[in-house]
Amino acid sequence: MSTFVFKDKSSNYTPVNNIFIDKFMPKARGEYVKVYLLGLKYCTSGELGVSSDVMASALHLLETDVINAWNYWDSENVIKILPVDKMGNYSIEFLDLSQAEETNKGDIDIIEELNKTPTKDMLQDIEKLFGRSLSSKEITLYISWLSDFNFSPEIILLLIQYCVLRGKTDSRYIEKTAISWFDAKIKNINDAQTFIKKHEDKWVSIRKILNYLGIKNAEIMKPQEELLTKWLNDYNFSVEVICKACDICFQRINKADFKYIDGILTSWKNDKIKTLSDIEKKDKKKVKHIHSQNKSNTNSNSTFNNFKQRNYDFKDLEKKLLGWDNND
Numbered sequence: 001m002s003t004f005v006f007k008d009k010s011s012n013y014t015p016v017n018n019i020f021i022d023k024f025m026p027k028a029r030g031e032y033v034k035v036y037l038l039g040l041k042y043c044t045s046g047e048l049g050v051s052s053d054v055m056a057s058a059l060h061l062l063e064t065d066v067i068n069a070w071n072y073w074d075s076e077n078v079i080k081i082l083p084v085d086k087m088g089n090y091s092i093e094f095l096d097l098s099q100a101e102e103t104n105k106g107d108i109d110i111i112e113e114l115n116k117t118p119t120k121d122m123l124q125d126i127e128k129l130f131g132r133s134l135s136s137k138e139i140t141l142y143i144s145w146l147s148d149f150n151f152s153p154e155i156i157l158l159l160i161q162y163c164v165l166r167g168k169t170d171s172r173y174i175e176k177t178a179i180s181w182f183d184a185k186i187k188n189i190n191d192a193q194t195f196i197k198k199h200e201d202k203w204v205s206i207r208k209i210l211n212y213l214g215i216k217n218a219e220i221m222k223p224q225e226e227l228l229t230k231w232l233n234d235y236n237f238s239v240e241v242i243c244k245a246c247d248i249c250f251q252r253i254n255k256a257d258f259k260y261i262d263g264i265l266t267s268w269k270n271d272k273i274k275t276l277s278d279i280e281k282k283d284k285k286k287v288k289h290i291h292s293q294n295k296s297n298t299n300s301n302s303t304f305n306n307f308k309q310r311n312y313d314f315k316d317l318e319k320k321l322l323g324w325d326n327n328d
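Read in order, the letters of the sequence shown correspond to residues 1 to 328 in UniProt numbering.
What the hints contain is simulated information worked out from the structure, not anything from laboratory work.
None of these values were measured; they are calculated from a predicted model.
Glycine included, every Cβ here is placed at the ideal spot set by N, Cα and C.
Hints are supplied without guarantee of correctness; some may be wrong.
[Claimed, not checked] If you anchor each label on the Cβ, the simulated ranges turn out as follows: (1) E200 to F130: 18 to 28 angstroms; (2) R166 to P223: 19 to 29 angstroms; (3) L48 to T229: 56 to 66 angstroms; (4) Q251 to D125: 51 to 61 angstroms; (5) S144 to Y212: 40 to 50 angstroms.
Can you make the complete structure from the sequences, with help from the hints?
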């Protein structure tokens with residue numbers, strides 16, 4: 001159970017800012033609006049604090065609904081919620097919404113956009129994928145892609161679905177993915193599906209290579225990912241060829257070294273080697289060259305063996321060395 005302490009002056013009535021009614025209420029869940037209004041009433045009437053179970057009982061909600069509501073309004077910059085201790089108690093401050101209106105001037109008119117059926121349907125489908133309501137920041141971001149990236153609602157929905165299926169629901173990750181789609185000049189569903197397939201195929205290959213190297217981590221460092229992408233996309237090597245380079249790396253230095261493997265593959269690319277058959281041909285050629293060199297060295301050494309030996313009379317030589325021949 002949590003207790004919420006409200007920070008404001010007491011009042012006999014509950015004023016609701018029109019900005020809240022126009023900008024924030026239409027896109028919020030009904031239970032979230034209930035929690036906001038009851039909290040505002042407690043705040044303006046001078047209530048020092050109220051527990052989450054009291055609010056939940058008064059509104060016929062669950063305590064988790066009350067807590068989720070306050071977190072939602074905090075993410076919308078409608079209130080500011082801060083923990084006051086480690087017992088699950090918080091202080092809540094209702095913010096001046098006129099500042100939010102000034103910030104949003106010249107930006108996307110969310111109300112106008114929500115009146116468009118395709119946009120409204122897209123946002124509702126995204127909420128179903130997330131299993132929660134979207135914040136105004138998220139709504140503004142997704143709507144901005146319609147004009148900034150020239151994405152259709154279908155493309156945006158497919159993008160969100162792709163991220164959710166990968167277990168990535170962080171807004172920064174989703175935005176980064178959208179930018180990569182824009183950079184890839186994706187203009188329709190077919191473009192998006194082709195891009196997804198290519199990207200997924202790349203990661204299937206990357207996982208195979210990592211497993212071959214004995215690397216089980218789902219996440220790899222950026223430099224490693226860049227090297228793997230270079231081998232697959234830039235060098236256009238198959239997984240089998242890359243694994244062959246891994247074998248050679250293990251044979252030579254007895255460990256997996258990405259830079260060493262990159263050196264092998266770069267050498268193969270420069271030699272225009274593309275397949276396992278090409279590697280085999282190169283190895284045979286190398287063995288043949290070494291055999292030829294060895295044969296040449298053997299022939300050069302045989303010149304000594306072909307030297308014409310002379311026959312000597314060693315007894316006669318001994319007499320000459322001792323001077324005995326002069327006494328004959």
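Hint by hint, here is what the structure shows:
Under the hint 18 to 28 angstroms, the C-beta atoms of E200 and F130, about 22 angstroms apart, fit the expected range. Checked against the hint of 19 to 29 angstroms, the C-beta distance between R166 and P223 comes to roughly 22 angstroms, which is consistent with it. Between L48 and T229 the Cβ separation comes to about 59 angstroms, which falls inside the hinted range of 56 to 66 angstroms. Distance hint for Q251 and D125: a CB-CB separation of about 53 angstroms, consistent with the stated range 51 to 61 angstroms.
Distance hint for S144 and Y212: a CB-CB separation of about 42 angstroms, consistent with the stated range 40 to 50 angstroms.
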